[in-house]
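Numbering (the working numbering), first residue to last: 1 to 232.
The hints are simulated quantities; they were obtained by calculation from the structure and are not laboratory data.
Predicted model, so just to flag it, every value in this text is computed and none were measured.
Even glycine gets a Cβ: it sits at the ideal position worked out from N, Cα and C.
Be aware that one or more of the hints could be misleading.
Claimed, not checked - Here are the simulated lysine to any residue pairs, SDA-like style, with alpha carbons at most 25 angstroms apart: (1) Lys-4 with Leu-19; (2) Lys-189 with Met-174; (3) Lys-4 with Glu-141; (4) Lys-189 with Trp-123.
To be verified - Here are the computed distance ranges between Cβ atoms for each label pair: (5) Leu-85 with Val-160: 23 to 31 angstroms; (6) Gly-115 with Lys-4: 40 to 48 angstroms; (7) Ile-186 with Val-27: 48 to 56 angstroms; (8) Lys-4 with Ala-210: 29 to 37 angstroms.
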Amino acid sequence: MNRKPGAGESYEPTHFEHLANVGTHGVGIIPSILAFYYIIDASHRDLQYMLMVIYGIFTTMLFSASTLYHYYEMIYRPLKQKQRLRYYLHICDRAVIYLFIAASYTPWLTLRHCGYPGLNLKWMIWVFAILGILYQYNFHEKYKTLETILYVLVATIPSVAMFTMNDRSGLELMMAGGVVYIMGVIFFKLDGVVPFAHAIWHVHVLLGSAVHTYAVYVSLIGPDHLNPVPAV
1 MNRKPGAGES YEPTHFEHLA NVGTHGVGII PSILAFYYII DASHRDLQYM LMVIYGIFTT
61 MLFSASTLYH YYEMIYRPLK QKQRLRYYLH ICDRAVIYLF IAASYTPWLT LRHCGYPGLN
121 LKWMIWVFAI LGILYQYNFH EKYKTLETIL YVLVATIPSV AMFTMNDRSG LELMMAGGVV
181 YIMGVIFFKL DGVVPFAHAI WHVHVLLGSA VHTYAVYVSL IGPDHLNPVP AV
């Protein structure tokens, strides 16, 4: 583990931390593609199919973008090369998180009947994601604590809508996955304090994503006469 970064600095991982950062999300790519196939195959309605495509694409993108960025960091950062490419890959890595959050909520807010404010949040979550991406592009790495707070807010505010659903089956899994993510955020801010902190964050993302995907598979797709699909 190297020293904790100062204000305006980014953490310089050790070689083994670089390897861990690449591996801990690289191992998620193939499972996310397989999960994508299974949730598409289990979809019984056009709306289910469309929502699972959105969910599957952004889940796979999350692990792919993260792995690609950390691979380039591992290879080129020690050589001080391709700095502009690494900069934009880092922006993409962070931006995809917002899209992944929106894609994780959208099936629940669309396939379940929600009261107010859930009816509006299924659209607003994408507005939040776009605003998050714009923030990331314009202020990348400038206000790190604010950036983390924004992730947590975008990830937690829409959960209010869950309590307006007439059918809450499966929400315990959704909440469990959310708890795993929030626990991981602690390590997201501990580079230079805890060895392999970022890789530990990645593991929490892997576990949280697995729990959420299982929740979607068992609770939202397939023939379900108790949850007729509402109008979009």
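Evaluated hints:
About 19 angstroms separates the Cα atoms of Lys-4 and Leu-19, which keeps this hinted pair within 25 angstroms; it holds. Distance restraint check for Lys-189 and Met-174: the Cα-Cα separation of roughly 24 angstroms lies within the 25 angstroms cut-off, and the hinted pair is therefore satisfied. Restraint check for Lys-4 and Glu-141: satisfied, since their Cα atoms lie roughly 15 angstroms apart, inside the 25 angstroms limit. For a cut-off of 25 angstroms, the pair hint linking Lys-189 to Trp-123 is broken: about 30 angstroms separates their Cα positions.
At roughly 39 angstroms, the beta-carbon separation of Leu-85 and Val-160 lies outside the given 23 to 31 angstroms, and the hint is violated. Checking the proposed 40 to 48 angstroms range against Gly-115 and Lys-4 shows it holds: the Cβ atoms sit about 46 angstroms from each other. Between Ile-186 and Val-27, the C-beta spacing of about 22 angstroms breaks the proposed range 48 to 56 angstroms. The hinted window of 29 to 37 angstroms between Lys-4 and Ala-210 holds, with their beta carbons roughly 31 angstroms apart.
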